Amino acid sequence: MSATVLSTRGLDKSFGSLIVAKDIALNLPQGERYALIGPNGAGKTTLINLMTGMLQPDGGRIFLGDEDITALKPEDRVKRGLVRTFQINALFPRLTPLEAVMLAVCERRQDAGTWWRRLPAYRDAIEEAHTILESLKLGAVCHRPTHELAYGQQRLLEIALALATKPKVLLLDEPAAGVPKEESAELFSVISDLSKDIAILFIEHDMNVVFRFASRIIVMVSGQILVEGSPKEISAHPRVREVYLGRSHHG
Amino acid sequence: MSISTGAVTDPHLYLQAQSRWHPLEFAFWAASILPFFIFPNHLVLASQIAITALFALSLDLILGYAGIVSLGHAAFFGLGAYTTGILSKYGWGDPFVGLLAGSVVAGLAGYASSFIIARFRHLTLIMITLGLGFLVHEAANQASWLTGGSDGLQGVRIGPLLGRFTFDLYGYAAYTYSLIVLFIVFLVVRRLINSPFGLSLRGIRENPVRMPAVGAPSHAHIRKIYTISAVIAGIAGAVLAQTSGTVSLGVLDFQRSADVLVILILGGAGRLYGGLIGALIFIVARDQFSGINPQLWYFPIGVLLVAVVMFLPGGILGGLARLTSTLRSRWS
Numbered sequence: 001m002s003a004t005v006l007s008t009r010g011l012d013k014s015f016g017s018l019i020v021a022k023d024i025a026l027n028l029p030q031g032e033r034y035a036l037i038g039p040n041g042a043g044k045t046t047l048i049n050l051m052t053g054m055l056q057p058d059g060g061r062i063f064l065g066d067e068d069i070t071a072l073k074p075e076d077r078v079k080r081g082l083v084r085t086f087q088i089n090a091l092f093p094r095l096t097p098l099e100a101v102m103l104a105v106c107e108r109r110q111d112a113g114t115w116w117r118r119l120p121a122y123r124d125a126i127e128e129a130h131t132i133l134e135s136l137k138l139g140a141v142c143h144r145p146t147h148e149l150a151y152g153q154q155r156l157l158e159i160a161l162a163l164a165t166k167p168k169v170l171l172l173d174e175p176a177a178g179v180p181k182e183e184s185a186e187l188f189s190v191i192s193d194l195s196k197d198i199a200i201l202f203i204e205h206d207m208n209v210v211f212r213f214a215s216r217i218i219v220m221v222s223g224q225i226l227v228e229g230s231p232k233e234i235s236a237h238p239r240v241r242e243v244y245l246g247r248s249h250h251g
Numbered sequence: 001m002s003i004s005t006g007a008v009t010d011p012h013l014y015l016q017a018q019s020r021w022h023p024l025e026f027a028f029w030a031a032s033i034l035p036f037f038i039f040p041n042h043l044v045l046a047s048q049i050a051i052t053a054l055f056a057l058s059l060d061l062i063l064g065y066a067g068i069v070s071l072g073h074a075a076f077f078g079l080g081a082y083t084t085g086i087l088s089k090y091g092w093g094d095p096f097v098g099l100l101a102g103s104v105v106a107g108l109a110g111y112a113s114s115f116i117i118a119r120f121r122h123l124t125l126i127m128i129t130l131g132l133g134f135l136v137h138e139a140a141n142q143a144s145w146l147t148g149g150s151d152g153l154q155g156v157r158i159g160p161l162l163g164r165f166t167f168d169l170y171g172y173a174a175y176t177y178s179l180i181v182l183f184i185v186f187l188v189v190r191r192l193i194n195s196p197f198g199l200s201l202r203g204i205r206e207n208p209v210r211m212p213a214v215g216a217p218s219h220a221h222i223r224k225i226y227t228i229s230a231v232i233a234g235i236a237g238a239v240l241a242q243t244s245g246t247v248s249l250g251v252l253d254f255q256r257s258a259d260v261l262v263i264l265i266l267g268g269a270g271r272l273y274g275g276l277i278g279a280l281i282f283i284v285a286r287d288q289f290s291g292i293n294p295q296l297w298y299f300p301i302g303v304l305l306v307a308v309v310m311f312l313p314g315g316i317l318g319g320l321a322r323l324t325s326t327l328r329s330r331w332s
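Chains A and B are the protein sequences, given in the same order.
Position 15 of the first sequence, counted from 1, bears residue number 15 in the numbering used here, the numbering being contiguous throughout.
Position 87 of the second sequence, counted from 1, bears residue number 87 in the numbering used here, the numbering being contiguous throughout.
Source of the hints: derived by calculation from the structure; they are not laboratory data.
This structure is a prediction, so every number in the text was calculated from the model and none was measured.
Glycine included, C-beta positions come from ideal geometry on N, C-alpha and C.
Keep in mind that a hint or two might mislead.
[As the list claims (entries may be wrong)] Pair ranges (Cβ atoms, derived):
hint: 1; chain 1: A; residue 1: S222; chain 2: B; residue 2: L304; range: 56 to 66 angstroms
hint: 2; chain 1: A; residue 1: E182; chain 2: B; residue 2: E25; range: 45 to 55 angstroms
hint: 3; chain 1: A; residue 1: S215; chain 2: B; residue 2: L187; range: 23 to 33 angstroms
hint: 4; chain 1: B; residue 1: Q255; chain 2: A; residue 2: D23; range: 54 to 64 angstroms
[As the list claims (entries may be wrong)] Okay, derived cross-link-like pairs now, DSS-like style, lysine-lysine, Cα gap no bigger than 30 angstroms in a straight line:
hint: 5; chain 1: A; residue 1: K232; chain 2: A; residue 2: K181
hint: 6; chain 1: A; residue 1: K73; chain 2: B; residue 2: K89
hint: 7; chain 1: A; residue 1: K168; chain 2: A; residue 2: K196
hint: 8; chain 1: A; residue 1: K79; chain 2: A; residue 2: K137
hint: 9; chain 1: B; residue 1: K224; chain 2: A; residue 2: K166
hint: 10; chain 1: B; residue 1: K224; chain 2: A; residue 2: K79
hint: 11; chain 1: A; residue 1: K79; chain 2: A; residue 2: K181
[Claimed, not checked] Quick look at which bits of chain B chain A covers, simulated, 3 or more residues with Cβ under 8 angstroms:
hint: 12; segment: 11-23
hint: 13; segment: 176-184
hint: 14; segment: 188-198
hint: 15; segment: 211-218
Only chain A is shown next, with the shape it has when bound in the complex (with noise of 0.2 angstroms):
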């Protein structure tokens, strides 16, 4: 098994009285594609927002490799090669594909800060961008302004952002969401098709495409981990078919 790159020890994490996060343990090893799975309000996207920052937990730990990153500032997790997509479009409407992809890249070449040079002047940024996005299929649309983009398109440009950033272990929260079947299980190959240097965790309702796309399933049921272990594992475990895939998975 490879060497983990993303884990957390008893991360605790409640709003009042409500429990959204306990004691969760996960490890996520490089290069795996992890999914995580739960009913509505089990505490998967609070879980990504523990582990990327946007939310402190109460207790516990989160290590990026060996480092301890629990106190990081959102932005210096991303720049250690931490980083999500978010599951409603959260996009900078009124920049162009390339523009976004631009910003990101030259963030992370910490050239973000230099106001006195021109941008066309950046080249191999420009190239970078632009490979990212054609990667994507988004090359035709990368000068129009993202708002006028499709919103399968706005997913992948999602991705297209967290790609500029070079990540280590990309968390994707729902990243097909609100996309119509047939176009999902496209944008997942593509997601799969990423560099296996990537470890991916990503969040997703559809069983078909977890099962599908993913190494490991973890389940979480009130801000709890209720199993992990492989596909096969999963779609045979008494409890999970009972409390989660229900009536209605036919497996």
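Model the placement of chain B on the given structure of chain A, informed by the hints.
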């Protein structure tokens, strides 16, 4: 599939075209020297327009590009003006020394307050900038030993420009000087907004919440642009003090902060030329209407402001840009 669109699709060429000088820009700056020939008796007014344009440009950097609303921007304008005026009183009347000192003092004040500014947005930010503006105004009012208080600063003596050209009543030197300063600062600002830093500022304006998730230190960016903006506002204040030879509490007035905001919204925020066009319209309108009725000149400005924000959300320049793109798509 997309080859036949005819538009530039190469990303390098596209970004180059984005930052290239438009023919209208050359026309604009060529027209800026017309007052010397057409309105030689109104050069003082022209100088006021250039100074106000410079002030509006500094506000555009934070409001139009980084999305930071301020109702207290006159504080930096006033600091620049008072610094220059006070220095001249004690013998440092050379325009360049005054300009440098005014911009440094305003910049330091901007840097100090930027730590508060970077942490807030929207209404909170409006109230904070408003409050800081009042504080500076009252401080200048109280420190009458230094500023002359409500009587205005006495004994301002600005030396001649380059040791030769004095700022006189005809405004020839004044307009030349303000225009050159405006143009140089404009070149710097233009470069800035076309830089990676400028792109990150637009990112903050478009979606401040998303910025940390692409690894951007938004607060550091905001501190930096707020300081730069304060420096430019200080330069504008210094130029006003020098060309008019007087400094009074008016440079710190809330009215001045409000006016510059109105000017920028009228012209079009985040468009580089919005503040310049807005200043031209506003100052000329004030000059014309206050000649007719000094009490009521805000009436037409009010009507214009309401009409612009209701019907032209991008300001006058935004409206023109939309018009030309509609016409172009109709013709092609």
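Each hint tested on the structure:
1. A:S222 x B:L304: 56 to 66 angstroms: With a Cβ separation near 58 angstroms, S222 (chain A) and L304 (chain B) satisfy 56 to 66 angstroms, so the hint holds.
2. A:E182 x B:E25: 45 to 55 angstroms: holds (48 angstroms)
3. A:S215 x B:L187: 23 to 33 angstroms: violated (55 angstroms)
4. B:Q255 x A:D23: 54 to 64 angstroms: holds (60 angstroms)
5. A:K232 x A:K181: Judged against 30 angstroms, a Cα distance of about 23 angstroms means the pair holds.
6. A:K73 x B:K89: violated (49 angstroms)
7. A:K168 x A:K196: Given pair K168 (chain A), K196 (chain A) holds - Cα atoms ~10 angstroms apart, limit 30 angstroms.
8. A:K79 x A:K137: holds (26 angstroms)
9. B:K224 x A:K166: At roughly 26 angstroms apart (the allowed maximum being 30 angstroms), K166 (chain A) and K224 (chain B) satisfy the hint.
10. B:K224 x A:K79: holds (20 angstroms)
11. A:K79 x A:K181: Given that 30 angstroms is the threshold and the Cα spacing comes to 34 angstroms, the pair is violated.
12. 11-23: holds (count 7)
13. 176-184: Coverage by chain A is violated for the segment 176-184 of chain B (0 residues, Cβ < 8 angstroms).
14. 188-198: Coverage by chain A holds here, the residue count being 7 at a Cβ distance below 8 angstroms.
15. 211-218: holds (count 8)
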